[in-house]
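My numbering applies: residue 5 is where the sequence shown begins, and numbers increase by one.
In short, the hints are calculated from the structure, not lab data. Check before you lean on any hint, since a few could be wrong.
[As the list claims (entries may be wrong)] Derived lysine-lysine pairs resembling DSS-like cross-links, with alpha carbons at most 27 Å apart:
id, residue 1, residue 2
1, K85, K97
2, K48, K32
3, K97, K32
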Amino acid sequence: RAHGFSQSSLRVCGVLRVCGVTVNNRMKEFEQTPSALLSLEQFKNTCSGTTLNTNASTTVGEVSRDNDYVQQEADPPSFTKNRYLEARARAIKEGDTELLESGRLDHA
5 RAHGFSQSSL
15 RVCGVLRVCG
25 VTVNNRMKEF
35 EQTPSALLSL
45 EQFKNTCSGT
55 TLNTNASTTV
65 GEVSRDNDYV
75 QQEADPPSFT
85 KNRYLEARAR
95 AIKEGDTELL
105 ESGRLDHA
């Protein structure tokens, strides 16, 4: 729909040559990023670098209330998930029960 086209998910999967589960996973991951809060026009402008907000009163990682442009880049959610999994495996290997029980590694 973004460019005036309305396509079925089956057609999108065929063009991208991936299964529907992969497309759904990528969409869920995108929903977890600050960019998901942008309108299509704001997203286009931010991606082209033409109107990225540099308002100093907005902290890193927040969305500005003035024009709703994202203030930072984000790692891909799959990358972040893998860092949590690696940290959890390292804590298990090292026997760090305090870290495992703290809940700080439960984001994966």
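Hint check results:
no.: 1; hint: K85 <-> K97; verdict: holds (18 Å)
no.: 2; hint: K48 <-> K32; verdict: holds (20 Å)
no.: 3; hint: K97 <-> K32; verdict: violated (31 Å)
The earlier numbered hint that this structure contradicts is number 3, and it is the only one.
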